[in-house]
Amino acid sequence: MFSLSVPLGKFVRRVTRLRGGGSALPGLVVEKIDPGFMQRTLSTLPHGVAVVSGTNGKTTTTKMVVELLESQGLKVFTNRTGSNFTRGVAAALLGDVDWRGRLDADIAVLELDEAHAVHFVNRVPPRYSLLLNVLRDQLDRFGEIDKTAQLLQHIAVKTTGTVVLNREDPRVARIADTLHGPEVLYFGLDDSLLGTFPSDDELRAGPGSPIPAVPERPQADVVLRRVGADDADFEYDGVTVTTGMKLRGVYNIFNAAAALALARSICGSGAATADHSTLLRALSEVAPAFGRGESLTVDGLPLDLVLVKNPSGFRLGLKSFPSGGYATMIAINDNYADGRDMSWLWDVDFDSLRAEGVDQVTGSRAYDMALRLQYDEVQVGAVGTDIAADLADFIRKGKGKPKRVFCTYTAMLAIRRELSKITTVEVVS
Amino acid sequence: MTPDSGAGTTASKGTIRVVQLYPREMNIYGDWGNALVLRQRLKWHGYTPELLEYDVGDEFPEGADIILGGGGQDSGQLVIQDDLQSRAGLLKGMAEDGAPMLLICGMYQLFGRFFKTRSGPVIPGIGVLDVETHGTDERLIGNVKVTTAEFGEVLGYENHSGQTTLGPGVEPLGTVAKGTGNNSSDGQEGARYRNIVASYLHGSLLPKNPAIADFLIRTAVERKYGTFTPGEPDDRYAVLAREHAARRPR
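Sequence order for the protein chains is A and B.
To convert, note that position 383 of the first sequence is 383 in the numbering used here; the numbers rise steadily by one, no gaps.
To convert, note that position 126 of the second sequence is 126 in the numbering used here; the numbers rise steadily by one, no gaps.
Be aware that a few hints might be false.
[Said to hold, decoys possible] Residues from chain A that keep clear of chain B, each with C-beta distances beyond 12 Å, as calculated:
hint : residue
1    : A229
2    : P311
3    : V348
4    : L371
5    : R396
6    : S420
[Claimed, not checked] Here are the simulated DSSO-like cross-link-like pairs (lysine-lysine), alpha carbons at most 30 Å apart as the crow flies:
hint : chain 1 : residue 1 : chain 2 : residue 2
7    : A       : K10       : A       : K75
8    : A       : K399      : A       : K421
9    : B       : K224      : B       : K178
10   : A       : K246      : A       : K399
11   : A       : K32       : A       : K75
12   : B       : K145      : A       : K147
13   : A       : K246      : A       : K75
14   : A       : K246      : A       : K147
15   : B       : K13       : A       : K319
16   : B       : K116      : A       : K147
17   : A       : K147      : B       : K178
18   : B       : K178      : B       : K145
Calculated from the structure, these hints are not laboratory results.
The model shown is predicted, which means the values in this text are computed figures rather than measured ones.
Each residue gets a CB set at the ideal place from its N, CA and C atoms; glycine is no exception.
Bound conformation, chain A alone:
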């Protein structure tokens, strides 16, 4: 069947890219004129569709799953630009299909925003789904985190093959009780690491509060046993393996366990042989997705960007990237993509920054951030709301020191834009 929608969609895509415009418009156009396009195209894939969702870590985890599967010789379609709405998927498809609408891939691995995933899975039931976590950074969108958990549960219910769940997130693990059809696998943490992942419910418990008893948990397919400076131990098939890791941040490495569990499951279903050593090599070579623990170079010294979106993520970021010897900037915006409600900054403990202080605070909520630091007795250098000017000041004053920037999503985009004027920043197309 030849339809005009694909050539027209591709044409719109080309025009919007020439204009440097958004990635979703061509998707909108093709959806309007050919509503069955996405479903039809994805249904042709021999190994179906895998959906990655959760409040946090979708982009990096999806990237890992894709690279793991590619290491096994699979052709993978993915929505790489992080446009994780249905329309973004349609737009990404337009880029990859030929002029007759055919997609040359074995499987699609798609990152989907929790809310939009529901619309997506109603139209395209996935064969696999990976549900990462339900953290508290989207309350202003969904109201309650229990509501977010329901959205993920709906993805799981629509999954026809295998659902991979985070054993350590009670709201995610609980989804298993509601499933009848799909196979359920878990990824999990060693007991010794549980303390580094405080759940949102435990976040506020003060220092010295008893750590809640670890309840009986189901067997996990992949368990993260240990995190080192640049390596990690994973256990699966009853064996513990050590692999080097380019990814930094404990949360990224926990998500590597998630990616391994999904990739192994996909391969195990007959897609590929899941060669042990190539899988591990691929895992050790995964670089962070853009802005997620990226290290750039400014004045010959590293500048690390650490994306922070919720209290757990900020806590882990502070823990994973100690401030000693670094100039530190914090950039907090409250645009829609960041979340409008910044109350959660009060659930992050900033004690670890007290010794060195924070050199620069910026972003639309800079004064709230400075106020927060003041209450944790952290010295603050300068405070402003103009990210471009403040970043320039920070770089000028911090000459000779490596730098670290903790930033919300849209602040990160602004900082990358500014940095691209003075250094080479990875371009994501």
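Fit chain B to the known structure of chain A by using the hints.
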């Protein structure tokens, strides 16, 4: 329970004990910030703070000077309701006696007469405040600005689907200038009764509204020690954060 004595370098003017109610279940919008602000401002005013937590099944801490209650999801309210009922007499006695309390969102609702949830069940409150709450399908979310006689302009963020109406036994905290407040009809926000401040605003409430924090501290100190001699907290960032929040369009 975690006693936390902030030892200062100068002699303390006395100890003030702050008790957080159900921090495990009722603490979802940065309510920890309210405890942190009281702890730090008590130090700045020259007093020694003690932060204590009360959770389901705990023994109730002796000698509480300030009570803090936070927000929670509907599921959290269900978990604590029986334990809270068992403490109703104690909390009511403290309230009538003039103990300062800050009650945000979920705990504001449960200190009222009842919360009739949208799906049917009625969660009984402990009747400290003459207010009642009805669950609705409408979620009220966004920045709020409240005009109050007592604390000036109060700034915060709301996110609730329960709508509260006040009975004759309480006064509103203030009048809504931006946002919604207690309910979508009468333009009032929060409740005031004796030394209780109840509000839907999180954000957290106290960091950007130090006047309310200092009211709770002053009341607690005066009840315990007779007179309050304030210190000089540096509120530079609080002022800037307030100005910035008040100026922004949403």
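Next item on the list: Taking the shortest Cβ-to-Cβ distance between R396(A) and chain B, state whether it exceeds 12 Å.
Entry: holds (23 Å)
Notebook entry, point to check: Does the structure keep K116(B) and K147(A) at a Cα separation of 30 Å or less?
Noted result: holds (19 Å)
Item checked: A229(A) and chain B, when compared Cβ to Cβ, separated by more than 12 Å -> The claim stands: A229(A) keeps its Cβ more than 12 Å from every Cβ of chain B (closest is about 31 Å).
Notebook entry, point to check: Between K145(B) and K147(A), is the straight-line Cα distance small enough, at 30 Å or below?
Noted result: The hint holds at about 27 Å.
Margin query: For a C-alpha distance cap of 30 Å, please report whether K10(A) and K75(A) respect it.
Written below: holds (21 Å)
Notebook entry, point to check: Does S420(A) sit more than 12 Å from chain B, CB to CB?
Noted result: Holds, since 28 Å exceeds 12 Å.
Check: Are all beta-carbon distances from P311(A) to chain B longer than 12 Å?
Finding: violated (8 Å)
Next item on the list: Mind verifying the non-interface call on L371(A)? Its CB should be farther than 12 Å from each CB in chain B.
Entry: Since the minimum Cβ distance to chain B is about 4 Å, L371(A) lies within 12 Å and the statement is violated.
Next item on the list: For the pair supplied as a hint, K246(A) and K75(A), confirm whether the alpha-carbon distance does not exceed 30 Å.
Entry: Measuring from Cα to Cα gives roughly 23 Å; hence the hint holds.
Next item on the list: Given the hint that K246(A) pairs with K147(A), test it: the Cα-Cα distance must not exceed 30 Å.
Entry: Violated, at roughly 35 Å.
Check: K178(B) and K145(B): Cα distance at most 30 Å?
Finding: holds (5 Å)
Next item on the list: Decide, holds or violated, for the assertion that all CB atoms of chain B are farther than 12 Å from the CB of V348(A).
Entry: violated (9 Å)
Checked against the numbered hints listed earlier, the structure breaks hints 2, 3, 4, 9, 14 and 15; every other hint is satisfied.
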